[in-house]
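Peer 1: Sequence:
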Amino acid sequence: MLDDFILRAALAGLGVALAAAPLGCFVIWRRMAYFGDATSHAALLGVALALATDLPITAGVLLVALVMALVISTLSGRNVSADALLGVMAHSALALGLVAVSLLPGQRVDLSSYLFGEILAVTRFDLAVIWGGAVAVALLLAWRWSALLAATLNPDLAQASGGNPKREQLILTLALAIMVAVAIKVVGALLIAAMLIIPAATARPFARTPETMAIWAMGLGALAALGGLMASLEFDTPTGPSIVSIAAGLFALSSALAPLLRRA
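If you count by numbering that gives the first Met the number 0, then the sequence shown holds residues 0 to 263, one letter each, in order.
Heads up, a few of these hints could be off.
Across the chosen pairs, the derived CB separations fall in these ranges [what the hints assert, rightly or not]:
(1) 206 with 102: 43 to 53 Å
(2) 142 with 5: 32 to 42 Å
(3) 254 with 103: 37 to 47 Å
(4) 256 with 110: 35 to 45 Å
Hints are computed from structural coordinates only; laboratory data are not their basis.
Please read these numbers as outputs of a predicted model, since none were measured by experiment.
Just so it is clear, CB atoms sit at the ideal spot from N, CA and C, and this is done for glycine as well.
Input sequences plus hints: build the corresponding full structure.
Peer 2: Structure follows, in structure tokens:
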């Protein structure tokens with residue numbers, strides 16, 4: 000059954016959407032949108048590392064995304080504002096990744112597949128990696144959900160209650176790195192942050208609790224993934240951008256309905 004490339008693409012899109020949605024909620028609650036952007040842009044450096052050392056692409060991307068996230072977490076607040084640091088790191092990582100890939104000897108690399116994704120070329124192995132990463136992210140968030148929420152909503156109170164906000168930040172960083180590593184094949188380095196942020200932002204008007212926001216975000220992310228895949232097949236458009244376009248359309252609809260929902 001999995002020999003059908005459309006079915007594999009649909010399962011891959013669902014795996015990424017279901018992993019990205021609850022993680023994206025924390026990205027929004029912590030105002031870390033640019034953090035996710037910087038981590039995802041570092042994926043191209045991971046691609047270059049993997050190709051240069053014969054590592055699996057996912058392993059190279061995971062390693063570099065994790066290092067980038069840890070560097071940003073360490074440098075935040077040191078003589079430079081957070082938004083300036085994230086802007087520098089995001090664009091520098093993307094540029095260095097493009098340069099590094101172009102300098103690889105004897106490698107012919109289709110950069111568009113890493114920039115915008117290649118979901119229709121997903122293999123059974125890719126599917127196993129995507130769903131393995133999605134399950135790992137889900138288990139990690141389920142295990143630390145209460146502690147992550149406490150550290151997100153009130154770090155001082157969480158610390159006074161015996162929590163460790165810095166540890167929760169590192170756990171969230173690890174989950175982001177896993178997400179970037181498994182999503183690059185589906186939507187590419189340039190669009191990963193969109194799949195983190197847009198479904199979660201779309202879900203916000205419909206939610207009354209953090210848990211319901213995460214559930215709504217998962218449903219909307221899955222709808223965007225499947226809708227984008229169908230639109231891509233119907234209109235012969237790039238699949239990764241089509242998925243993000245559907246997500247953006249759902250966000251626009253959610254924003255239009257938000258005043259009505261507030262009055263209800």
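Peer 1: All hints, please: hold or fail.
Peer 2: Quick rundown of the hints versus the structure:
Under the hint 43 to 53 Å, the C-beta atoms of residue 206 and residue 102, about 46 Å apart, fit the expected range. Distance hint check: the CB atoms of residue 142 and residue 5 are about 34 Å apart, consistent with the given range 32 to 42 Å. The supplied range of 37 to 47 Å is met by residue 254 and residue 103, whose beta-carbon atoms lie about 43 Å from each other. In this structure the supplied range 35 to 45 Å holds for residue 256 paired with residue 110, their Cβ-Cβ distance being about 38 Å.
In this structure, none of the earlier numbered hints is contradicted; all agree with it.
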